[in-house]
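There are 6 protein chains.
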Amino acid sequence: MNRLKVRRLLENFFLEDIGDRDVTSDFLFPQDVIGELHFISKQAGVFCGTEIIQEGYQLLDPSITVQVHIQDGTAISSGESIAAIKGPIVNLLKGERVILNLIQRMSGIATLTSKALKILNDKETKICDTRKTTPGLRIFEKYAVQIGGGVNHRFGLYDAVMLKDNHIAFAGSISNAVETLRDKLGHMVKIEVETENEAQVKEAVLAGADCIMFDNRTPEEINTLIQLVPSDITTEASGGINLNNLADYRKAGVDYISLGALTHSAPSLDISANVSIKQRRPNYESI
Amino acid sequence: MNRLKVRRLLENFFLEDIGDRDVTSDFLFPQDVIGELHFISKQAGVFCGTEIIQEGYQLLDPSITVQVHIQDGTAISSGESIAAIKGPIVNLLKGERVILNLIQRMSGIATLTSKALKILNDKETKICDTRKTTPGLRIFEKYAVQIGGGVNHRFGLYDAVMLKDNHIAFAGSISNAVETLRDKLGHMVKIEVETENEAQVKEAVLAGADCIMFDNRTPEEINTLIQLVPSDITTEASGGINLNNLADYRKAGVDYISLGALTHSAPSLDISANVSIKQRRPNYESI
Amino acid sequence: MNRLKVRRLLENFFLEDIGDRDVTSDFLFPQDVIGELHFISKQAGVFCGTEIIQEGYQLLDPSITVQVHIQDGTAISSGESIAAIKGPIVNLLKGERVILNLIQRMSGIATLTSKALKILNDKETKICDTRKTTPGLRIFEKYAVQIGGGVNHRFGLYDAVMLKDNHIAFAGSISNAVETLRDKLGHMVKIEVETENEAQVKEAVLAGADCIMFDNRTPEEINTLIQLVPSDITTEASGGINLNNLADYRKAGVDYISLGALTHSAPSLDISANVSIKQRRPNYESI
Amino acid sequence: MNRLKVRRLLENFFLEDIGDRDVTSDFLFPQDVIGELHFISKQAGVFCGTEIIQEGYQLLDPSITVQVHIQDGTAISSGESIAAIKGPIVNLLKGERVILNLIQRMSGIATLTSKALKILNDKETKICDTRKTTPGLRIFEKYAVQIGGGVNHRFGLYDAVMLKDNHIAFAGSISNAVETLRDKLGHMVKIEVETENEAQVKEAVLAGADCIMFDNRTPEEINTLIQLVPSDITTEASGGINLNNLADYRKAGVDYISLGALTHSAPSLDISANVSIKQRRPNYESI
Amino acid sequence: MNRLKVRRLLENFFLEDIGDRDVTSDFLFPQDVIGELHFISKQAGVFCGTEIIQEGYQLLDPSITVQVHIQDGTAISSGESIAAIKGPIVNLLKGERVILNLIQRMSGIATLTSKALKILNDKETKICDTRKTTPGLRIFEKYAVQIGGGVNHRFGLYDAVMLKDNHIAFAGSISNAVETLRDKLGHMVKIEVETENEAQVKEAVLAGADCIMFDNRTPEEINTLIQLVPSDITTEASGGINLNNLADYRKAGVDYISLGALTHSAPSLDISANVSIKQRRPNYESI
Amino acid sequence: MNRLKVRRLLENFFLEDIGDRDVTSDFLFPQDVIGELHFISKQAGVFCGTEIIQEGYQLLDPSITVQVHIQDGTAISSGESIAAIKGPIVNLLKGERVILNLIQRMSGIATLTSKALKILNDKETKICDTRKTTPGLRIFEKYAVQIGGGVNHRFGLYDAVMLKDNHIAFAGSISNAVETLRDKLGHMVKIEVETENEAQVKEAVLAGADCIMFDNRTPEEINTLIQLVPSDITTEASGGINLNNLADYRKAGVDYISLGALTHSAPSLDISANVSIKQRRPNYESI
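Protein chains in written order, with this note's numbering: chain A, 41 to 327; chain B, 41 to 327; chain C, 41 to 327; chain D, 41 to 327; chain E, 41 to 327; chain F, 41 to 327.
Since the hints were made in silico from the structure, they are not lab data.
Any given hint could be a false lead.
A pair holds if it fits inside one copy or across any two, identical chains being indistinguishable in the list.
Said to hold, decoys possible - Here are the simulated lysine to aspartate or glutamate pairs, DMTMM-like style, with alpha carbons at most 25 Å apart:
hint: 1; residue 1: Lys126; residue 2: Glu260
hint: 2; residue 1: Lys158; residue 2: Glu219
hint: 3; residue 1: Lys155; residue 2: Glu236
hint: 4; residue 1: Lys158; residue 2: Glu236
hint: 5; residue 1: Lys155; residue 2: Asp310
hint: 6; residue 1: Lys82; residue 2: Asp295
hint: 7; residue 1: Lys172; residue 2: Asp101
hint: 8; residue 1: Lys155; residue 2: Glu56
hint: 9; residue 1: Lys126; residue 2: Glu95
hint: 10; residue 1: Lys166; residue 2: Asp272
hint: 11; residue 1: Lys291; residue 2: Glu51
hint: 12; residue 1: Lys172; residue 2: Glu219
hint: 13; residue 1: Lys45; residue 2: Asp72
hint: 14; residue 1: Lys291; residue 2: Glu95
hint: 15; residue 1: Lys172; residue 2: Glu91
hint: 16; residue 1: Lys45; residue 2: Asp205
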């Protein structure tokens with residue numbers, strides 16, 4: 041993740057939660073009362089968010105020291121310690137909720153992605169995400185998918201073409217649309233075409249799509265349609281696939297399966313923050 | 041919701057998704073090809089997000105007209121039309137995903153809140169949210185809880201005091217903490233104290249808390265603890281309560297039950313966007 | 041004060057004053073000419089602004105060291121040294137005016153608040169501020185009131201309800217308004233009602249206001265009205281009270297007196313900046 | 041004033057006061073209840089702020105219409121109506137305080153400037169401001185000085201040179217400093233030199249200053265010093281001049297007198313907002 | 041171009057040039073003196089910038105009307121009128137320089153791109169840009185290249201892979217690097233490999249690059265190297281190619297030639313702004 | 041340059057180029073692989089940009105160390121090393137292009153300015169820039185002109201008056217305009233008047249302009265016109281002057297010659313970035 045963007049977003053999140061002041065901690069704890077906070081997992085899963093903890097607390101109070109015990113992508117068990125953070129109690133407590141809200145979501149996404157990979161259990165097919173991410177959090181959620189073992193589909197409307205039914209309908213035909221775009225967009229932008237039947241798949245192949253997506257097709261339908269696609273065109277299954285029917289797509293033969301649920305329906309991984317140790321900082325200059 | 045803040049956030053969300061340009065639509069559709077887009081619910085639920093649709097499309101392209109057919113808080117059924125949006129196809133398609141991502145989440149939260157109210161089915165007890173919201177989206181998520189029939193707990197660290205176990209431990213005692221805060225914070229800030237046992241409840245009552253929260257207590261334990269609280273102090277149950285055990289808290293006697301799940305675990309309500317009608321704008325000056 | 045917000049605002053203030061460059065200092069002094077600047081009070085008063093000096097100079101030039109000799113809230117006399125700042129002359133001079141403008145205002149507010157407390161001389165009644173603050177500076181001005189011994193009224197329209205005459209007129213009645221708000225806003229938001237006569241006070245009491253404000257009432261009128269208010273409802277006097285008639289409100293019996301003048305009419309406390317000592321930094325790498 | 045900057049600042053001010061929502065008005069008044077708000081002066085003075093009222097309400101709610109009855113710089117008497125604003129009550133009330141806070145300060149400054157001109161009563165000498173403005177509000181405060189009949193000194197460190205005692209001390213001499221700056225800064229930047237005695241005035245004249253300031257000098261001292269300055273160099277008196285001793289400087293012969301008090305000590309002009317007329321908007325589409 | 045981004049950038053550019061006020065026009069012309077401004081080309085070239093003129097003036101003053109006579113990409117001759125803008129003189133003059141600075145640069149880039157296409161004169165080979173754009177202006181400069189008939193290479197580090205010599209050196213080998221990236225990045229990101237000799241070209245082909253770039257190769261060298269590349273891999277020539285030697289690359293057989301000069305060395309197209317017609321707006325309400 | 045502004049702009053430039061992530065380097069190089077990058081000049085010229093290299097890399101990764109070998113304004117020859125930057129390879133490569141794009145432009149401007157000075161070769165006449173700068177980069181480009189030995193004309197519309205033909209036409213006359221502005225603007229703003237013939241020069245002199253510009257005049261015409269201007273008024277030649285005819289203006293007698301080409305047509309100075317040395321950081325804690 042681009043550190044400059046991560047910091048700018050974290051700053052906004054802290055401003056949202058803290059506003060002008062923390063009416064609880066700011067009035068109870070002077071700066072020289074220091075303590076130690078531990079992030080402990082309360083569920084098994086795949087952790088994601090080391091940079092959030094480090095940059096987040098560093099931003100809030102540069103005197104805070106952070107020790108993260110694990111790397112992003114590590115499988116953690118319930119009760120496992122993720123990180124130890126030491127510094128003024130007032131700021132440990134002030135930053136806790138924002139950071140937890142974010143790493144719980146990111147770890148939830150990484151965990152769900154990892155689970156999807158196990159359910160699919162097919163080395164020939166990768167799992168990827170969609171643009172169904174939380175507004176404002178795409179950088180974090182796409183990163184979490186990748187940490188969970190998935191790969192990222194396009195990041196936005198700007199970095200790759202996806203010709204959907206509406207585009208095709210208004211553009212006249214798949215070939216028209218692909219031709220127009222190839223001509224104008226040059227060689228560094230991939231073009232994917234959404235298809236629903238044999239005719240469309242054939243047209244997409246002829247039009248020279250980089251990737252063909254089978255939209256809302258059963259594994260059986262895909263088995264048939266994929267015969268029409270030469271091996272140098274990437275294939276993707278999408279639409280109506282979730283963790284319940286994902287195993288049915290094993291050996292369907294597509295290169296990618298995209299799951300909106302990875303980002304829009306991943307339950308947060310439960311992580312708690314425990315504070316311990318309290319002491320006055322020796323020789324702390326309280327002014 | 042503060043319209044100025046809503047617009048500023050929506051602008052950021054569009055910039056996240058569109059970046060410098062929409063490589064698909066910007067190159068396929070000239071400004072004078074207009075169409076109509078319909079947001080249709082694909083699930084039954086409680087809708088929330090009229091302002092998002094209106095301000096979102098207005099921001100993206102002031103020539104777009106929006107007709108929202110329902111008000112926030114309306115129960116909708118699968119297949120029901122939510123809104124009709126008319127204007128240049130290129131911008132209808134460009135804005136669709138960001139707006140859907142947001143209103144699906146907001147409607148999901150409103151729907152879950154409404155469901156929680158039905159499960160609890162207790163006119164004496166209200167359902168409220170927590171600070172376990174998505175970073176950057178608190179204004180939208182808190183609004184959705186309210187639209188679903190819930191009420192909002194504090195918005196951040198800045199608008200109300202919540203004395204948690206960590207605060208109490210470091211402050212010495214509940215009475216110390218409440219006294220310090222009352223003295224410094226004045227009369228417009230409410231103070232809530234988290235308690236786990238009789239001794240703490242008694243101390244919180246004596247200290248003059250505005251609200252006492254029973255943290256991670258069973259309905260039975262609450263029945264006992266609540267006897268210690270005079271009627272002019274508000275009571276709240278929190279911690280470990282979810283939709284599965286919520287009904288057990290019916291008649292527990294607390295004024296409020298707070299559920300983190302309302303915002304951190306609400307599944308999105310499925311809403312789709314269908315485009316229809318295509319025509320050239322008459323006499324549109326395409327330059 | 042939220043350090044992240046303080047820094048963001050200070051950055052804006054420096055950009056306002058310095059623009060692209062300081063046409064005086066930037067062209068006269070190389071980075072390796074260092075000096076020492078002293079902030080000296082030229083009036084007796086209550087100082088407020090240590091964080092401004094520290095964060096301000098740290099932001100402008102991290103090589104500058106700041107030693108603040110006193111804490112916020114300290115009574116200072118004319119001629120007393122507040123802080124010593126050491127570093128490149130060019131940046132000492134560049135930051136001086138912005139920081140002075142801010143701490144003079146904050147100290148002026150703290151001083152006026154402290155003076156008001158002495159004039160009132162009533163341990164049963166606290167002095168608080170209003171929303172009549174300088175746009176963009178509320179965080180600093182509310183903090184200064186508190187440092188001067190006052191307490192803060194609500195921070196904005198978002199954190200507490202104030203039912204004024206206009207609200208009541210349009211809502212139909214005090215009871216209607218309070219009932220509507222209680223129902224929608226939940227338990228963490230205080231409701232204050234502005235009253236002008238016995239009927240309104242009685243209605244506010246019945247409606248269950250958390251706080252009743254006597255608007256533009258004389259001490260004598262308040263003596264009468266306050267009999268109608270049970271002790272668990274907070275009382276506030278407001279409107280037409282200033283430092284000249286404040287003493288008349290001693291023993292009026294209200295819990296709070298709010299003074300708009302604390303923030304909209306506090307004269308700045310005069311503080312000057314004296315530069316001394318000039319030397320080349322030894323071994324300074326001037327590139 | 042640069043309208044783009046005015047709007048950006050007003051937006052920040054509204055966000056400061058309203059936050060996520062107005063807990064009073066947003067919950068009491070639907071959008072279709074419209075009313076009329078009048079800004080009425082409660083003191084005699086010079087009004088300044090028409091653009092604030094217009095742009096402020098336009099920003100908050102484009103459906104609001106604003107009629108300002110007077111121009112900036114008009115002398116108003118107590119009780120005079122300044123503007124009528126019509127639209128949804130909820131937004132009339134939401135924007136009132138921010139706009140009042142700003143126009144009261146701006147009118148206060150215009151009034152004080154106008155008063156200073158009358159006290160001085162000297163057509164040969166103009167009154168100007170300083171950089172002792174409120175951080176973040178310089179554009180508004182400098183504008184108000186001009187509306188009150190004063191002129192603006194430099195806007196910041198970026199648009200004109202002011203050689204103060206500290207600069208001169210560190211630069212070695214006035215001539216050194218002026219020569220260095222003339223050479224580097226070119227022909228579009230004015231250079232003013234602060235002087236305290238004959239020797240300095242002479243040196244500044246020889247160095248070719250555009251403007252010579254007599255710092256902390258009595259009218260008598262100025263009478264002597266000004267003899268040393270040729271007529272094509274502008275003169276300014278500054279330091280220790282306030283409304284009490286300003287009249288003494290009549291006929292002192294300087295071109296300008298600068299008064300920090302214009303911006304740092306102007307009492308706000310009292311203006312109130314009265315709401316009247318309430319009705320439902322006919323055929324208002326409330327969705 | 042994303043209109044929201046265009047407007048945000050234009051706003052910053054106006055703030056840069058206008059600051060707090062236009063000391064010339066703001067003091068000479070009241071709002072009701074209206075006029076008409078014409079943008080006239082003073083050189084032949086390819087125009088680019090209609091959206092800048094429209095959005096720019098709309099942002100500055102919504103009462104201004106803009107009529108652009110030509111579309112982006114039109115060849116214009118010296119003396120040709122590009123647009124007529126009508127409204128308050130004060131704002132016509134205030135916005136002129138910023139808009140001219142931008143459209144002159146954009147038209148310069150479009151013109152140079154168009155010229156490059158004519159020099160190359162090879163229908164099989166397209167001209168594209170690089171990341172050597174002006175910081176902060178990439179959206180405008182990339183758009184101008186496209187308007188001039190070129191296509192865009194990647195927009196930034198985020199949307200496509202370019203393996204340069206440094207990357208390859210540190211990654212060990214082309215195959216290592218491509219394999220790692222393919223695995224992690226998924227199917228929507230193109231991978232281009234920079235090569236300098238036969239061995240590298242062969243390795244890049246085997247590694248499965250989407251595009252192979254011949255870096256700093258002569259047309260003759262390219263003739264040889266290109267034999268090693270199968271037709272489904274795109275080829276690009278780059279490095280050391282400019283308008284003087286571009287014709288030598290005709291029939292070199294590459295699909296794309298990238299030219300940094302398109303954006304870093306395009307001379308501005310000379311466009312002037314002439315103001316005409318002056319009149320008072322009838323019935324203009326000047327308050 | 042104001043460091044706070046430089047950093048804010050650099051942050052925007054990095055966000056433009058890097059977006060959410062660098063798809064090449066971020067996936068190839070772990071943080072603990074460090075290297076050294078050298079900026080080497082590939083052309084002779086005048087270097088400008090030390091602060092960009094230092095602040096740029098410091099912003100991107102505080103662990104990077106920068107050693108700049110030369111000062112701004114130094115004449116460099118082809119092959120000369122400008123700076124050595126050491127740190128994580130991933131971030132050295134990520135920041136390279138943005139920094140090069142900026143320092144190449146700044147050095148190009150400094151080099152062109154220096155060349156103009158040599159061509160003019162007239163100690164009595166200075167070279168200055170105009171407002172024809174790249175939108176968003178004025179602070180950098182104006183600084184580069186000064187580093188190249190030129191001086192800056194006004195920075196924007198806010199810091200000095202320039203009365204052009206359009207202003208004069210609409211204001212009625214030069215004297216009207218100057219009088220109005222002198223009265224309103226006070227003593228710290230310079231007024232320059234654009235003239236084209238004897239009558240205008242005479243009027244400008246009488247009106248008391250601080251500076252008179254001869255617009256689009258030949259050296260011979262200037263020789264005549266300049267006789268009309270007393271020595272205490274600054275003179276400037278502008279319009280139609282470029283590096284080809286600049287020498288003709290030697291001994292024309294004007295104080296300043298302004299050249300738009302300095303900023304709108306300066307070719308970038310070619311600078312390359314070479315990476316060397318690769319090693320794992322000893323004991324680097326990679327988590």
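Hints and how they fare:
no.: 1; hint: Lys126 - Glu260; verdict: neither (56 Å within a copy, 38 Å between copies)
no.: 2; hint: Lys158 - Glu219; verdict: between (39 Å within a copy, 23 Å between copies)
no.: 3; hint: Lys155 - Glu236; verdict: neither (28 Å within a copy, 36 Å between copies)
no.: 4; hint: Lys158 - Glu236; verdict: neither (27 Å within a copy, 41 Å between copies)
no.: 5; hint: Lys155 - Asp310; verdict: both (16 Å within a copy, 23 Å between copies)
no.: 6; hint: Lys82 - Asp295; verdict: neither (35 Å within a copy, 29 Å between copies)
no.: 7; hint: Lys172 - Asp101; verdict: between (34 Å within a copy, 22 Å between copies)
no.: 8; hint: Lys155 - Glu56; verdict: neither (33 Å within a copy, 28 Å between copies)
no.: 9; hint: Lys126 - Glu95; verdict: both (14 Å within a copy, 22 Å between copies)
no.: 10; hint: Lys166 - Asp272; verdict: both (16 Å within a copy, 24 Å between copies)
no.: 11; hint: Lys291 - Glu51; verdict: neither (45 Å within a copy, 42 Å between copies)
no.: 12; hint: Lys172 - Glu219; verdict: neither (28 Å within a copy, 28 Å between copies)
no.: 13; hint: Lys45 - Asp72; verdict: between (31 Å within a copy, 21 Å between copies)
no.: 14; hint: Lys291 - Glu95; verdict: neither (42 Å within a copy, 45 Å between copies)
no.: 15; hint: Lys172 - Glu91; verdict: both (23 Å within a copy, 20 Å between copies)
no.: 16; hint: Lys45 - Asp205; verdict: neither (34 Å within a copy, 27 Å between copies)
Hint compliance for this structure: hints 1, 3, 4, 6, 8, 11, 12, 14 and 16 are not met, and every other hint is.
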